[in-house]
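Just so we're aligned, residue 7 is where the sequence shown starts under our numbering, counting upward by one.
The set of hints was computed from the structure by calculation and includes no laboratory data. One or more hints might be untrue.
Heads up, simulated DSBU-like pairs for lysine-lysine below, C-alpha to C-alpha not over 35 Å straight-line [claimed, not checked]: (1) K87 with K33; (2) K202 with K87; (3) K74 with K202; (4) K100 with K38; (5) K38 with K202; (6) K74 with K100; (7) K202 with K100; (8) K87 with K38; (9) K74 with K33; (10) K33 with K202; (11) K87 with K100.
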Amino acid sequence: MANPRCHVIVIPYPAQGHINPLLQFAKRLASKGVKATLATTPYTINSIHAPTVGVEPISDGFDEGGFKQSSGVEAYLESFKAVGSRTLTELILKFNASDSPVRCIVYDSLLTWPVDVARQLGIHAAVFFTNSASVCSMYWQIDRGLTLPVEQETVPVSLPGLPSLGFHEFPSFLASPTTHSAYLAAILEKFHSLDKNDWVGLQLLRRARDSASRSHERTVASGDGRSNGAICLLRPTN
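Work out the full structure: start from the sequences and follow the hints.
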């Protein structure tokens, strides 16, 4: 059994499509004997019910209304970075003064700042990508020089490891990058600084997971083989 003092804080971006996969990951950790705590905003905390996972608030600066209370994406992300960094630090210090010190932060890829909190406090950090491994591959190619925007006249587009893609098959962040510029900038910043993390978490289907396990010597964990989905944790390399 895992050391009962091992404690991981899991931090989702506070939207349902991001909370759900990170909550499932936290439940998985708890099933292995790890103390798992989901840290989310006051506006979303009451919607989370997980008996095996602790739930604690950290602030995004908009406790009454969440994103809807902000003036837009850029303002929201900036506020969450400033206020979230402070309140996450306070939460970790609270636990570190107890018999359950925090050993690792697992955080959503839309958040750029939790890894800096982890480094300042001397604990491990793992970034978790809630989108598919195929979409992660697209972002990786952009970080390595793929030009945006993808124009309809230039499709189909061929990327390593993926079939030819039509315009409608690209994620909206890439098909219309100016519409989602703040989110896209956060994602690309994360890809550009993956080596600041101890691990990178991806959601994989069984076939992709098995391929990664065979071909990537730095795979350190994956699912148990009882379902089509799995979490694969990789150590980042340059």
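A quick look at each hint next to the structure:
A threshold of 35 Å between alpha carbons decides the hint, and for K87 with K33 the separation of about 26 Å falls inside it, so the pair holds. As the CA atoms of K202 and K87 are separated by approximately 17 Å, the hinted pair is consistent with the 35 Å bound. Proposed proximity of K74 and K202 is supported: the alpha carbons are some 31 Å apart, at most 35 Å. In summary, the hint linking K100 to K38 is supported, as the alpha carbons are separated by about 24 Å, within the 35 Å threshold.
Distance check on the hinted pair: K38 and K202 sit about 26 Å apart at the alpha-carbon level, within 35 Å; holds. Of the pairs offered as hints, the one joining K74 and K100 holds, with about 30 Å between alpha carbons and a cut-off of 35 Å not exceeded. At most 35 Å may separate the alpha-carbon atoms for a hinted pair to count; K202 and K100 meet this at roughly 24 Å. Between the alpha carbons of K87 and K38 the distance comes to roughly 31 Å, so the proposed pair stays at or under 35 Å and holds.
Distance hint between K74 and K33 is fulfilled; the C-alpha atoms sit about 29 Å from each other, no more than 35 Å. Between K33 and K202, the direct Cα distance comes to roughly 25 Å. Compliance with the 35 Å bound is thereby established for this hinted pair. Pair hint K87 plus K100 holds up; C-alpha atoms about 20 Å apart against a cutoff of 35 Å.
When each numbered hint is compared with the structure, no violation occurs for any of them.
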